[in-house]
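Trainee: Spelled out from the first residue to the last, the chains are:
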Amino acid sequence: MSSHAHPAGHTVHAPMAEPSGFIRKYIFSVDHKVIGIQYFLLALTAVLIGMVLSLLMRFHLVWPNATLPFVSGGQMSQEQYLALVTMHGTIMVFFVLTTAPQGGFGNYFLPIQIGAPDMAFPRLNMLSFWVTFLAFICILAAFVVPGGAPISGWTGYTPLSGLGEITGPGEGWGQTMWIVSISLFCLASLLGALNFIATTIDLRAPGMGIMRLPLTVWAWLVTAVLGLLAFGVLLAAGILLLLDRSAGTSFFLPAGLVVNDQLQPHSGGSPLLWQHLFWFFGHPEVYIAILPGMGVASHVLSTFSRKPVFGYRAMAFAICTIGFLGFMVWGHHMFLSGMSPYSGFTFSVLTMAIGVPSAIKTFNWLGTLWGGKIQFKSPMLFALGFVSLFVSGGLSGLFLAQPAVDNMLHATYYVVAHFHLVMGVAAIFAIFAATYFWFPKMFGRMMSEPLAKIHFWFTFVGAYCIFMPMHFVGIAGGIRRYADASAVAFLARLQPVHMFMTIAAFITGAAQLVFLFNFFYSLKFGPKAPKNPWNATTLEWITDSPPPLDNFGGQYPSVYRGPYDFSVPGAQEDFILQGLEPSQVARAK
Amino acid sequence: MPPTTTTEEIIIELIDEGNGPGGGASSGDGGPGGGGGGEERSSGGAATPQRAYVTGMVVALAAILMFFMAFVSAYVVRKDMPNSAWIPLDLPRILWLNTLILIASSFTLARAQNRFKAADRASFRHWWATTTVLGVLFVAGQVIAWRQLVSAGTFLATNPSSSFFYVFTGAHGLHLLGGLLALLFIQFRTPRKLSMPTAVDIASMYWHFMDGLWIFLFLLLYLGR
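Going down the list, the sequences are from chains A and B.
The letter at position 231 of the first sequence is residue 1045 when you use my numbering, and the numbering goes up by one with no holes.
The letter at position 205 of the second sequence is residue 273 when you use my numbering, and the numbering goes up by one with no holes.
It should be emphasised that the hints constitute simulated quantities derived from the structure, not laboratory data.
Given the structure is predicted, the values throughout are model-derived calculations rather than measurements.
Quick reminder that beta carbons are idealized off the backbone N, C-alpha and C, glycines included.
Heads up, a few of these hints could be off.
As the list claims (entries may be wrong) - Far from chain A by the CB rule (all over 12 Å, computed), these chain B residues:
1. Arg-119
2. Met-137
3. Ala-178
4. Ser-191
5. Val-201
6. Thr-258
7. Gly-280
To be verified - Listed next, with one range per pair, are the computed distances between beta-carbon atoms:
8. B:Ser-191 - A:Leu-855: 20 to 26 Å
9. A:Arg-838 - B:Gly-246: 23 to 29 Å
10. B:Asp-148 - A:Gly-1062: 21 to 27 Å
11. B:Arg-193 - A:Arg-838: 34 to 40 Å
Claimed, not checked - One-sided and incomplete, this derived list gives chain A residues near chain B with beta-carbon spacing under 8 Å:
12. Ala-934
13. Asp-1016
14. Leu-1017
15. Leu-1049
16. Ser-1060
17. Gly-1062
18. Leu-1091
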């Protein structure tokens, strides 16, 4: 966020005047780059909070009777543990995995990579960030309202989430704050998605045909379409849930519910209806989290293999296919809801069909690496880590996709391990890859490579140490969301495995301090970054680091070739920038 | 990317330049797509091409459609639940009148659009105002329908059928109020970033969509009682 350096001279038009004043420039800015950084910092704050919550959970699982200074009563209650589960999931899924890759990097780099001066609707962009910020404040407020944070999980299943305080301490105010926060988040994401789609369709530079888009842009575009079609559904469901809680309606609440010996006044509602609406959003949400990561992985693997992406068209179509199929598989979260076996079978087949485009992507990532001159820079390491985690986590999905197997594994730690590897950690690795890759462009300075490598190895090994044993806990019957498994005879034997995972989690958590130090130290003291430190090809690398206010200093680029022209035969250098005129490409001597 | 300025757009821009100051912002139109390359972009740098606003409206309507379809699917599922306690709602008769008024507003709006394209500004403003008045009448009619239900003792939580009635009419009414604001704005002001043809275009798209949506919701509420 250092001040923008303007290039001297050679601009066709005078660059736009910077807004003066701190508030217009950094707080209520309409510049997509500032907004992208704002999203990124919001996600960074959120991920730290979410990580602390997860460490508290891991601590409690191993030492359930420990006295904690900041817990009222000294020992954590089961409800408090459930509140941790809920808040960890909500903060991580919405405010980290949805916010950082799309709102953060997407906002910053989508306009630059397509050669646009800004998003199509800059003020809408600012609005969507500030509504997201408001949603974040609301979810944090759930910690401090009377009764504390909600306990119904990030999925907010009814009837638990619909009845109010009687079902638990956090189900009064806390749950209401949760619904308000999620509804605001939906609204902000809809505005953001609208902006992304209009920008990609209408603001591309001359020559930037649809088959010349970097795969990151493809991923952001399809993610925006998913968000556009999914978030409205969650918003609608949230409104109905709020009415059930506060206006006495019975959309999701059945008749005859008795809670704490009190008959509830509702009649005829369907808890499963909530599950359907939620997962109709929830499954596309998984791809909202992971698709931008796939785009970043393709981008980074190609750059550091010095090779074009293997099968660019197949990669673009695979992204679209995953997005399309992602809307048809929500039922696989509900195999145990008593659905008809025929529905279960249909959802199962469609779910496994997603394996095909996913396998295409993995195959093409390996194809991109094959025979390349691989440079093990830190972004590359994290992109390779992404591929590894995506495969490890994705394969267990094929087991869970089968109702017969899911009957056994549902609501066990196997599921927790699966989605953390494939959606959580893999997406986080892509975010790290993106951070190390684009930090020089965003902040004009280089990050420390040795520190980044330390960070990578601890995080990579650590993530596997946490989540691989978790599969076995799940297969052995370890049930998720139990606050104290040591009190259950058949689960007590698994406690040593939990101990191993907890230690791994704390070490991995500590390794993130290396990243934080590297990030903030490099922000101030890192060596100055050149325009194109990685010898990459896309449009963000033709402009300054950091880019001027209108991205290209008044000189708008035209595009003459595809996004991954690495190691072109006959060219002098092993990369050709997308915006370089054919006559300017240096020939090999 | 193909050249983006169609004959129709050129005509619209000519009309607009002849009629009002709104055309200023549209000079950036066709910037990235124009044949000569991107260098000749207006010095503002960040001028958004007018067609992006149309794209934005189409995209927004898709999101709004999903929002309402979530309610619709909930309606279908909830109504046929076993033990759903569903009592069919007697729809207030005024809804028929309201529906006719809203359909009529789409016709007057189409007339206004037609007059705008014919550069007949006075007639355009006349038909546009008629549309706005019909819109206000529709909203007033919906409020009367609510009051009739309330005086009959039918509230939000009385029965799932009434819950859905209030949700549908409330959500649609809020969206329609947004459309009314747009109609009023265009009637009295000139938008800054949008050119007048674009503003008329997207406000009309929104209004026709809200009309069609209401017809669908009304049929659902009436036939799917």
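Trainee: Against this structure, judge whether each hint is valid.
Mentor: Structure-based check of each hint:
1. Arg-119: The assertion about B:Arg-119 is violated, with a minimum of 6 Å to chain A.
2. Met-137: Non-interface label fails for B:Met-137: nearest chain A Cβ at 8 Å, not farther than 12 Å.
3. Ala-178: B:Ala-178 is indeed farther than 12 Å from all Cβ atoms of chain A, at 25 Å.
4. Ser-191: Nearest chain A Cβ is 32 Å from B:Ser-191, so the label holds.
5. Val-201: holds, 30 Å
6. Thr-258: At roughly 18 Å from the nearest Cβ of chain A, B:Thr-258 sits farther out than 12 Å, so the non-interface label holds.
7. Gly-280: holds, 17 Å
8. B:Ser-191 - A:Leu-855: 20 to 26 Å: violated, 53 Å
9. A:Arg-838 - B:Gly-246: 23 to 29 Å: Check passed, 28 Å falls within 23 to 29 Å.
10. B:Asp-148 - A:Gly-1062: 21 to 27 Å: Holds: the Cβ-Cβ distance is about 22 Å, inside 21 to 27 Å.
11. B:Arg-193 - A:Arg-838: 34 to 40 Å: holds, 37 Å
12. Ala-934: At about 4 Å, which falls below the 8 Å cut-off, the nearest Cβ of chain B leaves the hint on A:Ala-934 intact, so it holds.
13. Asp-1016: holds, 4 Å
14. Leu-1017: holds, 6 Å
15. Leu-1049: At about 6 Å, which falls below the 8 Å cut-off, the nearest Cβ of chain B leaves the hint on A:Leu-1049 intact, so it holds.
16. Ser-1060: violated, 10 Å
17. Gly-1062: holds, 4 Å
18. Leu-1091: holds, 6 Å
Going down the numbered hints, you'll see the structure goes against 1, 2, 8, 16, while the others check out.
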